[in-house]
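Asker: Chain residues, written in single-letter form:
There are 4 protein chains.
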Amino acid sequence: MTNIKEGDEIYLVFDHKQNYKLKVVTGEKFHTRKGFIELGDLIGKPFGMVVTSSLGMAFYVLKPLIRDRVLKTDRRTQVLYPKDISYILLQMDLGSGSQVVEAGTGSGALTMAMANSVRPNGMIYSYDISERHQKVAARNIDKSGLMPWVELEIKDITKGIPNKDVDAVFLDMSQPWKVVRSAWDALAGSGVFMSFSPTIDQVMKTTEMLNSLPFIEIETIELLLREITVAPNKTRPRTQMIGHSGYLTSARKVIELLE
Amino acid sequence: MTNIKEGDEIYLVFDHKQNYKLKVVTGEKFHTRKGFIELGDLIGKPFGMVVTSSLGMAFYVLKPLIRDRVLKTDRRTQVLYPKDISYILLQMDLGSGSQVVEAGTGSGALTMAMANSVRPNGMIYSYDISERHQKVAARNIDKSGLMPWVELEIKDITKGIPNKDVDAVFLDMSQPWKVVRSAWDALAGSGVFMSFSPTIDQVMKTTEMLNSLPFIEIETIELLLREITVAPNKTRPRTQMIGHSGYLTSARKVIELLE
Amino acid sequence: MTNIKEGDEIYLVFDHKQNYKLKVVTGEKFHTRKGFIELGDLIGKPFGMVVTSSLGMAFYVLKPLIRDRVLKTDRRTQVLYPKDISYILLQMDLGSGSQVVEAGTGSGALTMAMANSVRPNGMIYSYDISERHQKVAARNIDKSGLMPWVELEIKDITKGIPNKDVDAVFLDMSQPWKVVRSAWDALAGSGVFMSFSPTIDQVMKTTEMLNSLPFIEIETIELLLREITVAPNKTRPRTQMIGHSGYLTSARKVIELLE
Amino acid sequence: MTNIKEGDEIYLVFDHKQNYKLKVVTGEKFHTRKGFIELGDLIGKPFGMVVTSSLGMAFYVLKPLIRDRVLKTDRRTQVLYPKDISYILLQMDLGSGSQVVEAGTGSGALTMAMANSVRPNGMIYSYDISERHQKVAARNIDKSGLMPWVELEIKDITKGIPNKDVDAVFLDMSQPWKVVRSAWDALAGSGVFMSFSPTIDQVMKTTEMLNSLPFIEIETIELLLREITVAPNKTRPRTQMIGHSGYLTSARKVIELLE
Chain A
152 MTNIKEGDEI YLVFDHKQNY KLKVVTGEKF HTRKGFIELG DLIGKPFGMV VTSSLGMAFY
212 VLKPLIRDRV LKTDRRTQVL YPKDISYILL QMDLGSGSQV VEAGTGSGAL TMAMANSVRP
272 NGMIYSYDIS ERHQKVAARN IDKSGLMPWV ELEIKDITKG IPNKDVDAVF LDMSQPWKVV
332 RSAWDALAGS GVFMSFSPTI DQVMKTTEML NSLPFIEIET IELLLREITV APNKTRPRTQ
392 MIGHSGYLTS ARKVIELLE
Chain B
152 MTNIKEGDEI YLVFDHKQNY KLKVVTGEKF HTRKGFIELG DLIGKPFGMV VTSSLGMAFY
212 VLKPLIRDRV LKTDRRTQVL YPKDISYILL QMDLGSGSQV VEAGTGSGAL TMAMANSVRP
272 NGMIYSYDIS ERHQKVAARN IDKSGLMPWV ELEIKDITKG IPNKDVDAVF LDMSQPWKVV
332 RSAWDALAGS GVFMSFSPTI DQVMKTTEML NSLPFIEIET IELLLREITV APNKTRPRTQ
392 MIGHSGYLTS ARKVIELLE
Chain C
152 MTNIKEGDEI YLVFDHKQNY KLKVVTGEKF HTRKGFIELG DLIGKPFGMV VTSSLGMAFY
212 VLKPLIRDRV LKTDRRTQVL YPKDISYILL QMDLGSGSQV VEAGTGSGAL TMAMANSVRP
272 NGMIYSYDIS ERHQKVAARN IDKSGLMPWV ELEIKDITKG IPNKDVDAVF LDMSQPWKVV
332 RSAWDALAGS GVFMSFSPTI DQVMKTTEML NSLPFIEIET IELLLREITV APNKTRPRTQ
392 MIGHSGYLTS ARKVIELLE
Chain D
152 MTNIKEGDEI YLVFDHKQNY KLKVVTGEKF HTRKGFIELG DLIGKPFGMV VTSSLGMAFY
212 VLKPLIRDRV LKTDRRTQVL YPKDISYILL QMDLGSGSQV VEAGTGSGAL TMAMANSVRP
272 NGMIYSYDIS ERHQKVAARN IDKSGLMPWV ELEIKDITKG IPNKDVDAVF LDMSQPWKVV
332 RSAWDALAGS GVFMSFSPTI DQVMKTTEML NSLPFIEIET IELLLREITV APNKTRPRTQ
392 MIGHSGYLTS ARKVIELLE
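Chains as they are written, first to last, in this note's numbering: chain A, 152 to 410; chain B, 152 to 410; chain C, 152 to 410; chain D, 152 to 410.
If you're looking for bench data, these hints aren't it; they were derived computationally from the structure.
Hints are supplied without guarantee of correctness; some may be wrong.
[Said to hold, decoys possible] Subject to a maximum C-alpha distance of 25 Å in a straight line, what follows is the list of computed DSS-like cross-link-like pairs (lysine-lysine): (1) 385/A with 156/D; (2) 385/D with 356/D; (3) 385/B with 385/D; (4) 385/D with 306/D; (5) 294/D with 385/C; (6) 385/C with 356/B; (7) 356/D with 356/B; (8) 196/A with 172/A; (9) 315/A with 156/B; (10) 172/D with 156/D; (11) 356/A with 385/D; (12) 168/B with 315/A; (13) 294/B with 385/A; (14) 286/D with 172/D; (15) 315/B with 168/B; (16) 172/D with 196/C; (17) 356/A with 294/B; (18) 385/B with 329/A; (19) 315/C with 223/C; (20) 196/A with 185/A; (21) 174/D with 156/C; (22) 223/B with 180/B; (23) 168/D with 294/D; (24) 315/A with 168/A; (25) 310/D with 294/D; (26) 156/A with 168/B; (27) 196/A with 315/B; (28) 356/D with 385/C; (29) 356/D with 385/A; (30) 329/B with 306/C; (31) 286/D with 329/C; (32) 356/A with 356/C; (33) 315/C with 156/D.
[Unchecked claim] One side of the interface only, derived from the structure: several residues of chain C facing chain D at Cβ under 8 Å: (34) 173; (35) 174; (36) 267; (37) 313; (38) 351; (39) 381.
Every residue gets a Cβ at the ideal spot worked out from N, C-alpha and C, and that includes glycine.
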């Protein structure tokens, strides 16, 4: 990891509530309620350092992580949490060079995580029917510097997916079963289909459709994440927990079914 | 995704029990109980196709995924499951170019998943005190084609980590707290520390040590994965479930602590 | 708690595998592979004592608990675990005097737990279509001494429930929705309906029927029980876990619906 | 179940927020914001009926259940939920005639549930060091009509339990390990010890103490309850969930240990 340089995005952290993402530009000041920071002064210093504002307020200067972006940018009703996003990346086998179709784009949280996984040689083709969504997503992805590995398009893919021979198709939409056939067409043989659905009714319909086409290894799981408080005489799981985000259904395309 | 070519590793799948991983070499035959397959015949065909042996047994020809390798190769007592591995990759922010220290190597399952995430520009430095482990791991990683992004070494890192300025350190060892200080030394500022521990006693000791050094965002979680059977009139979570694999503790290095 | 007396049922425990339930009868010997125990010698001694066989094998003499009976007697495919049984007893508000309809009887595990809760003034009316089930259940309940609070009958209650004004109706059957209307007829106003179903499909149909009749507080839950190993440096949840037994749906009868 | 009679406690339910528990007294009016109800008019009518106020607001007239009382009365920091209370009742084998020691009393929620289980022939001896707690508990238990089966006392039982030969001892206190020896003294042979603790540190200390005395079947579990939303095209676990209330540790007293 290199030191901070001109144009880097940084993450200024005071605490869980007061933290800011911004770009380092020589000559610019970053203003907070408790004084400003001269951004050019950070250049050449290590990430992880402490910087103090003109009025003595101290901040950590962190490098923004994908998971920071995910948690900050996602604003859709049905949120994809890091637990789900990470499982999707591995289950779809993403790595440098992977070609992926995503729909819908939503706020771009998963799009960024996928783009980070497929760079420098892959591409995410991300579709959404909402122009507003794609504007939000474009802004988020732009800031992250991951746009070179993303193609955004406003399109209703229940009417077909324009791509061919992709390694994976990921769906986060209300009627994923309507895209299963198009997903089969778009996927290369051995490629991975995945769908995220909050309700079991959606999972049932999607699975029924997957079963009617040459897909194998059709499976559905859900992930529960428990946060643990660790402190002397206070170690215990947290009282509040996210009980459900959604089900993850996956399958692999084959050219034809045995028998 | 391209078609099958000379030297590709393939995954021949008859069912959950009868499946084989092998390399495509023109002129070689792959023998099963129910006849052989002429491997050269596969070249130029698409992954996902069905191939039939000399005695009429049909197989799917799949491209091996990282998750297939993980599930097939891991033979350590404390198994890292895909749910844990995927979370580790995202939490440590791995992507092309990341430099990572891992200890111990174990069977190399996580090593491969990490190598796949950091290629083509990153590197995994993986240490283990057991020569036997590293032999097993080397064989597994070799087969996967990911060895260019892995450096294996037999070493006891409780006595220090030779690397500097790495982006992440991952520990899967019985006494991770003994390496926390060395991990701080090895990490670049803003870099991520992670540890996987089956017992809460280990988590407590590791967390205590993290709290005594310039680390922030210290947190522990565990992941529960539920498999769902989806079929008409039979939709339900599976009866048997893995109730616990281990806790995942993570933190980020800062240069110094505020106050 | 009184000391052991003539006719008491006792639970001889050597370890998790070798343990026996039997009745104390003066003059009788209980034979094990490692010698016999003179049962009359136990009379007047305290429960929890250690008794030694003629060949020196030592056993704990415990009082059988309802939960011991539940775990020992249940042999149905879809098992009701103590976690589910206990929740059912509280949710149905059972106490001395409660009148309850149960179908099916199965092995009688829940029947016994309910009978223990409603004695000395209540009654469990338990129906099953299988004569074989009821024979097994009758034998189990007889041994427990709880038969005075149970009436068993071989009957298909999808054709109606003969009881009126009962406090609770519990269903553990493959098509519970077919009995919801009869359950309403059998329940007193304010009485509790409950159903245990392994699949979500059953829950959906049962809930739809409950919604069509004067029932309120309609809800479905599931319970997950985690066993924790507690020992120095080994404290952790167990690796294996029951991931799902079934869903518990409950509701309360009202005479008519508001609006 | 009989019809409503003079002196019965009733539960008037408009919805989840507007509901009231009160006693039926002829000649009294119950006033709400939307008119009053003439309570004497309810006598002889069935529970579960709908009653309409003088200004036309309709309510269900329900019989209060133990679980309603539990959810309404508990005001302690560490709440015992119905999932935990029900498991405690079964695990301790409560039934008519059981003699139980409880500490602390807290708001009396568990006390009531236990009293309901042991009536008409058992008794709950409940201790608390806080006079304020016992006043709140006394008021709650009085209203429920279960006081005949409860003896409340302000006492610090880390200095000893005055009872002997009880069937079960239940502890919900910050340092349960300090009472394990006294619990052994108070229990009859074969009797059940239980303790509820939010932190794993408490569980470790309590288990260590149990292991040092003649206790067998020492075990710790935790229960997770998931609420399921069931509705056409919306069936799914709820988003928010209680991730942890506490651990339940149990054991059985024997007179001496084998070997």
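Asker: Are the hints correct? Go through all of them and say.
Answerer: Results of checking the hints against the structure:
no. : hint             : result
1   : 385/A with 156/D : 49 Å, violated
2   : 385/D with 356/D : 45 Å, violated
3   : 385/B with 385/D : 18 Å, holds
4   : 385/D with 306/D : 51 Å, violated
5   : 294/D with 385/C : 46 Å, violated
6   : 385/C with 356/B : 13 Å, holds
7   : 356/D with 356/B : 17 Å, holds
8   : 196/A with 172/A : 17 Å, holds
9   : 315/A with 156/B : 19 Å, holds
10  : 172/D with 156/D : 15 Å, holds
11  : 356/A with 385/D : 13 Å, holds
12  : 168/B with 315/A : 32 Å, violated
13  : 294/B with 385/A : 46 Å, violated
14  : 286/D with 172/D : 19 Å, holds
15  : 315/B with 168/B : 44 Å, violated
16  : 172/D with 196/C : 48 Å, violated
17  : 356/A with 294/B : 39 Å, violated
18  : 385/B with 329/A : 23 Å, holds
19  : 315/C with 223/C : 33 Å, violated
20  : 196/A with 185/A : 22 Å, holds
21  : 174/D with 156/C : 45 Å, violated
22  : 223/B with 180/B : 23 Å, holds
23  : 168/D with 294/D : 21 Å, holds
24  : 315/A with 168/A : 44 Å, violated
25  : 310/D with 294/D : 31 Å, violated
26  : 156/A with 168/B : 53 Å, violated
27  : 196/A with 315/B : 16 Å, holds
28  : 356/D with 385/C : 14 Å, holds
29  : 356/D with 385/A : 13 Å, holds
30  : 329/B with 306/C : 67 Å, violated
31  : 286/D with 329/C : 48 Å, violated
32  : 356/A with 356/C : 17 Å, holds
33  : 315/C with 156/D : 19 Å, holds
34  : 173              : 15 Å, violated
35  : 174              : 16 Å, violated
36  : 267              : 5 Å, holds
37  : 313              : 17 Å, violated
38  : 351              : 6 Å, holds
39  : 381              : 4 Å, holds
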